[in-house]
Structures are given as structure tokens and as C-alpha cells.
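Full structure from sequences and hints, please.
Each chain is listed here by its residues.
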Amino acid sequence: MGDILNVSHLTKRFSGLVAVDDLSLTVKERQIHTLIGPNGAGKSTTINLITGVLKGDTGTITFAGKDISAMPTHKIAQLGLGRTFQNIKLFGAMSVIENLMVGAHKNTSQGIVNFLWNTKRAKDEEEKMRAHAEQILKQIDMYSHKDDMVNELPYGLRKMTELGRTLMIDPKMILLDEPAAGLNPSERQEFIQHLKDVYDSGIDLFLIEHNMDVVMSISHYITVINFGAKIAEGEPKEVVNNPEVIKAYLGSRFKAE
Amino acid sequence: MKSRKNIISIVCLIAAVILPWLFNSTYYLSLFGQTLINIIIVFGLNFITGLTRNMNLGTAGIMAVGAYTSALLSTRLGLSPWIGLVAAILVGFLIGRGLGYPSLRISGVYLSLTTIAFGEIVRLVLNNTTSVTGGAQGLTNVPVFSIFGIQIQRGIPFYYFLLLFMLLMFWLSTRIVRSKWGRAFKAISDNPDAAESLGIDIAKIKILAFTLAAIYAALGGALYGNLMGYLNPSTFNFDFSINFVIMLMIGGIGIVRGNIIGAIVVTMLPELLRFLGDYYQLVFYTIAFIGAIKLPQGWPAGIASLAKWIARKTGLKSRKEG
Amino acid sequence: MLNTILQLAVSGAALGFVYALVGIEYSLIWNATGLLNFSHDKIITLGAYVAAGLFFTKMGLPIPVSFILSIVVMILVGFLMATVVLNPLRKMTTIFTIMGTILFGKMIYELIRLLYGSAPFTVPGLMTGTVHIGSLVIAKSNVYIIVIAVIVVAALQIFMQTTKTGKAMRCVQQNKKASELMGINVKQNIRITAAISSVICLIIGFMVIPLYTVSLSMASMIGLKGFAAGVVGGFGFLPGCIVGGIVVGLIESASVLVIPSVYKDAVAFLVLIIFLLIKPTGILGKKS
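Residue numbers (the numbering used here), protein chains in the order written: chain A, 1 to 257; chain B, 1 to 322; chain C, 1 to 288.
These are computed hints drawn from the structure, not numbers from a lab.
No false leads were mixed into what you were given.
Straight line, CA to CA, 35 Å or less: simulated DSBU-like cross-link-like pairs of lysine-lysine:
#, chain 1, residue 1, chain 2, residue 2
1, A, Lys55, C, Lys177
2, A, Lys89, B, Lys294
3, C, Lys91, A, Lys146
4, C, Lys91, B, Lys308
5, A, Lys75, B, Lys204
6, A, Lys75, C, Lys91
7, C, Lys167, C, Lys187
8, B, Lys204, A, Lys66
9, A, Lys55, C, Lys279
10, C, Lys91, B, Lys5
11, A, Lys75, A, Lys196
12, A, Lys106, A, Lys28
13, A, Lys138, B, Lys5
14, A, Lys106, C, Lys91
15, A, Lys89, C, Lys177
16, C, Lys176, A, Lys89
17, C, Lys176, A, Lys75
18, B, Lys204, C, Lys264
Printed below as a string of C-alpha cells:
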């Protein structure tokens, strides 16, 4: 199995403060990889660096074999790196299905001049997008909500919409920023199940997560960072027993079963 | 609900067809013609300012370039106005790209500044290249269109010509708004971070929206020259550009049908409020100002929600609820 | 030739200082509210009409008295603008904020037109005459403009650095949310900023009377060129406005050496577009 994402010696400073410090990590294909660390450890900065929202000072990031260190966000997404946001970022003025269909934009090929002339092809393309969106909505059990305005949906369903939308870009990997945040235990179980289904459909997952139940139940591999630097990595069982990790992050509150 | 909308549309269309026979004078026909042209231009402005929410304050300048390009080709070179129309589309495209690229690569209010600057430059050039454009004296004898050798005379025939043109542009606009582009336009203004994360190139989409706006404006300008028969640089001033944005706001930004309402209201209002005389402008700008602050969703939607509110207050239930 | 160049340099610098003050006047509001005040040229015009039209010409008061009374009026105009326009618009989408300020400006414009008509007038004897330095002849108005502008900039600087209100203004500029949390009254801050901005507009309106006479459109060009100054120097950054203003003024003044003078007004706008292409952050702008 090859690597889907490779971060190597990545460093980012904000006016003297080191947010990410010589960080290296590898996400292997067919693996659910989770990044954990205490608050302020540099997780968000790492995500922003990988997705091109921020540019690193030094170091390289490769995704699916391509160097993405200097690429703008939309190009990285076009390579097949999907993401969700910690605070859910949906298009509030649109319905659920429209939100998903925006996700299909990059996979369509018809130019605007051709669109205006070739009404037949335009119609076909639109219908194909809609069918794709409907199929994904069925997959995540949201088909009955397809015409609801996203602003009127409860939190859990908005989170699902966001996941569905990122599935529309045909991602190779999805980066999930705290997927369990804000969900109640039953919603959380459901969401994890959906994530596992997504993974089983062939899409790799890279999570950032706080909730240790979630981390332990889904991860194949864990990287722990603190103060922007990697302090441990390995299989979940190894990591939670690592004294370094317990000291930095888990404290004495958490003991592996 | 949908069928009611269709009935309203058909009634409006019939009214538009009958209208010139009810007000059959050169003055009114010219006013109606201008209204139709303004509607077309607001359709365009709706893409960039209505949907992507980037302010274009140079519509009049772009319109002027379209108008003069077409008119000069037909008056100075004797080419058919149809060729002028195609040329106007072409310059609209070039303006959209040329002005959109510097202003829309970076986020901020830059488009509003460069479009104002562009409008001023255009007026200065038109005023001072007297040997070509006629300068402040204006350009006269702009010809009319002909179809299969039959001239479309100014007056009722040209009114119907513009009406057909407007309907064509309405159809195109509606299609674009409901397509992946319309969704992309909305998405990048609604949540740019999310749009980017889906692989959408924000700058490219904004430039596309602005280019569409510029093409519509240049096209409208060319038609304006054909409608009036003469052009003068002073027509295409900053106030004219503002008026297009007011039309957009009154109808409700982003709503294609609203564009029509806004354009009709703003173009016809001077007629209805003629009794105000010299106070007209002050009243008009004050109304528009209050509308901008109090009814940002546009007048039709604003009035509808106001009616609902009154109905609730007075204890009457609206038909839909009751 | 040297004389021509020097003369152009002086008039260019004077214009540049006007643009710089315009840049400062709208940047203050930009920094306090995040709104671009498109009515600022009308506020400048209003200032000139209040001082020269109302107090000086109509009421026959001496110039200094007219000016001082005008300051009071303009402070009230600033408060009005803050209450009616800036505070309500602050939370709205950009296109409404832009249109709101434009329409407010149009209302002021129409009021002035209805009250004073559209005929321009002058203030006889205001900053007229010339100064001779060797063979160089300089209009006194240019010297006045430069001196007044430098005084305004210095006074503003002292105010921002030393007074509590000035410090609060700088805080709000840095971070609006944090300032609100720290207990700075943002609305009050906007009122004060708008008043200061309006007074600067009055000063601009007054000092350009010798250049443009008092007329309805007296400030439309300097208003727009002030925007160019901001883009060239670095948007929302006061030292940037000064540098940008002077650069634009000098380029514009020098342009008559190479292009017909009727196109002089287009130069600032071309400079604006070129700067957006090659250096959108402006000369002194920080990387975002």
C-alpha cells in the first residue's frame, strides 16, 4: 500500500510563535488515520496547511503523489482531497441537494458557451449531477431531506449534508475536522457508522478528533502532536499507553481498557 | 403556487404586448424601449452584484463602450447594426476579462473602485476624441436593424424587437442562474471557504460573473444606440451606473424576475412622480436609501412580508395559512 | 524646463496632499466600521458650501468665524452620518453598505442643489496670489494646501497617540470584536470617528476652493482620486494614504509632459488599475 498523504518536515511560524514545528506524518492508503493533541497543539494549523489555506514556511506536503505545498486550496481539492469543517460551512441559502450539487461543479466539463447553445447536453449534465447527489443522499440516509433548506436543519443533519457534499467531489481522501463535535451520543454512533461506510467504499480518511471514544473506535493509526511537534504515533493501543502521550495530553484521566 | 406564478407571467406578457397600442407616442415608446434595455442590463448585473455580491459601479461606462462600438461601426464604416451587436458582445467580453482580472483576483472592494475608474476614463475619452465620437456634441444617425431587408422602424416594431430580445435574455439568465454556474455564483458569496474546499476557483467564477455582466451591459448599450438614434457621453454617467444597482436592489438581489420589476420601477418612476418637479431626485434617492437599509430583500419580498405582518397583527389569516 | 518641472512638482505635491487628506478622511471610517464611505466627496462639498456658502457669503461672517462655525456644523453632520448610515449599515452585506453610503451622498447632493442651485461661485481673496522664489512662481494656494495638510496630519497623529479616544480608535482598527469585549463603545467610537472625518472633509473642501471654486461637482474627482491614493499607498493604512496621495499627485502632475492635459484626470485611475495588477497591497501595504 502506498501513501496517500505525506507531510514532511513542515514548519509554520506566526510572528515568532511556532505553530507547527518540523512535523512529519504519513497517511497510508486504506487506513483511517487520526491526528490528536491537546488544545492549541497546532491541529487546526496543520489542517490549514494541508488544505492550502495557509502556506508553510518550510517542508513539503504531497497528496496522491503530487507536491501540493504551494498549491491553492481549490487545486488541492481538485486532486481529490475533500474536507469538512469544525464549525460546518454550508451554503445557507440553498437546499440540501443544491449544496451537494455545488460539490459536483469541478467534475463537470461543459463550458458556458456550449451550455447556452447545447441545451440537450446541459440538461443531461444537470440531470447527471442531480442523480449523483440523490444517490449520495440515499447512501447517507438523507434523501427525505433533499429539498430542505440547510439553515432549517438540525445540527446533526447539517453535519451529514457537509459530509455528503464533500463526497460529491469524488475524493480520494477526506479530511474531517472534529467530526464528532456537537453531536449527541446516538448521532455520534450514526455518524461513525457512516464514516466507516465511506471508508469501505474506498475513500481514505484523515481525522482530527477530540473525543477519545470516537478516536479509539474508528482509528487504525494515530499521530499525537503537542506544541506543533509530533510526540508519538502508532496503533491506538500503543499510543494510549505511551507515557509521553499520557503526560502531554491524556493525563491520568484516561486509561486504556 | 407554481401555476399562480405562471398565470402572473402570462398576464404580464400580454400586458407588455398590448402596452404600445395603449401609449402609442414616440415619447412613451422610447421610454418603454429604455425600460426593456434596462431590464437586460440588470439581468447581467444580477450575476456579479446580485449573486456573487461584488459591486459593479461602472455599468454605464461598459454600456457606453458597447453603444459607441456598435454605433461607430455602423455610422463611420457603414456596417450592419447586427455586426455592431456582435462587436459589442466582443468588447463586453474583453472589458469583463480586462477589468475583472485585476479587481477580482483579490478579495475586497476593489471591483467597485476599478469600475468607477473605468467609467470615468471612458467618459473622458469619449468626450475628447471628437473627430471619431463627435465628443460632447454626440453621435447622430445611428441606424436601425433590418431583418431580411426589412427595416425594424423605431416605434412599435422596434419595441417588439426589444421585447423579444429581453425575453431571450430572460431565458438565458434564468437558465444560467439555475445551472451549476448560478449555484457556484451563490456559493462563492455565501461561503467562500466551503466553495474553495470543493475545488471551485473563486477568482475564475467571479471573473465569469463579471464578464457576463459586462457582455449584457455592452449589448444593452448597443441596443440603446439603435433605439435612440443618437449618443452622448454625458448620458453614461455615474448616476446611471447607480440606477442599475438601485433597480437590482428594488427587485431583490439575485432574483431574475425581481430584476424586471426593479428596472420597470426605476425607469418609470420619474413619469409617475413628475409632479415632484425639482424635488424628484431627492425623493427618489431617499426612497432608495430607506429601501436599501430597511428592505434588503427587495421591495416585492419586503411588501409581501409586511402584508403578512399586518395580517397577523390584525388577526386576519392569510389565505395560505387559513 | 527645470522651472516647469519644479512648478509641476509643487502643484503635484499640493494635489497629492489633498488626495492624502481624502485618503485619511475615508480610511478613518474604514478602520472604524469596515465601510467604504462613498459619500465622502459630498461631505467635502457640503463642508465647502456650509463654510463659504452659508456662513461667509449668505451671513457675511469673516472667514475665520465662518470656518469655526462650520466645524461645529460638520461635527453634527458626522454624528448624523454615524447614526443614520454607518451604524445601521455596519452589519449588512457589502453591496448594501456601498449603496447606502452612495445614496446618502446623493441625498446631501440634492439638498445642496435645491438650496444653492447649480451655479458655481467663488470666495474672492481666499488664498489667492503667488509667491516668487527666484524665477519660480508658485500659487499661494498650493503653499497653503501643503501647510494645512501637514498640520492636519500632525494634529491627527498627536490625537491618535495621546488621547484616550484616539487610542480607542486605534484599538478598534486593530480588532473590532476584541475592542467591543474590552468595553470600548464601538458605536460611540464610530460617532467620534465620523465627526473627525467630517471635519477633515470640511478642511479639504475649504482648501480646494481656490482650485475648483465652490460647485456641486467640486469634489467628485478628488473623492475618486483619494481612493486611488489608498490603493497605491496601502488600503486602510494612514501613512499609506499620505505616500499614495503624493505619488498619485506627482504622477498626475508630471503626466502633462507626455500626454494631452485633457486626459490628466484619467491618469490617477490608470495608476489605480495598474497598482491592482502589479502590487495590490500598495506601496506600504503589509502582506495579507
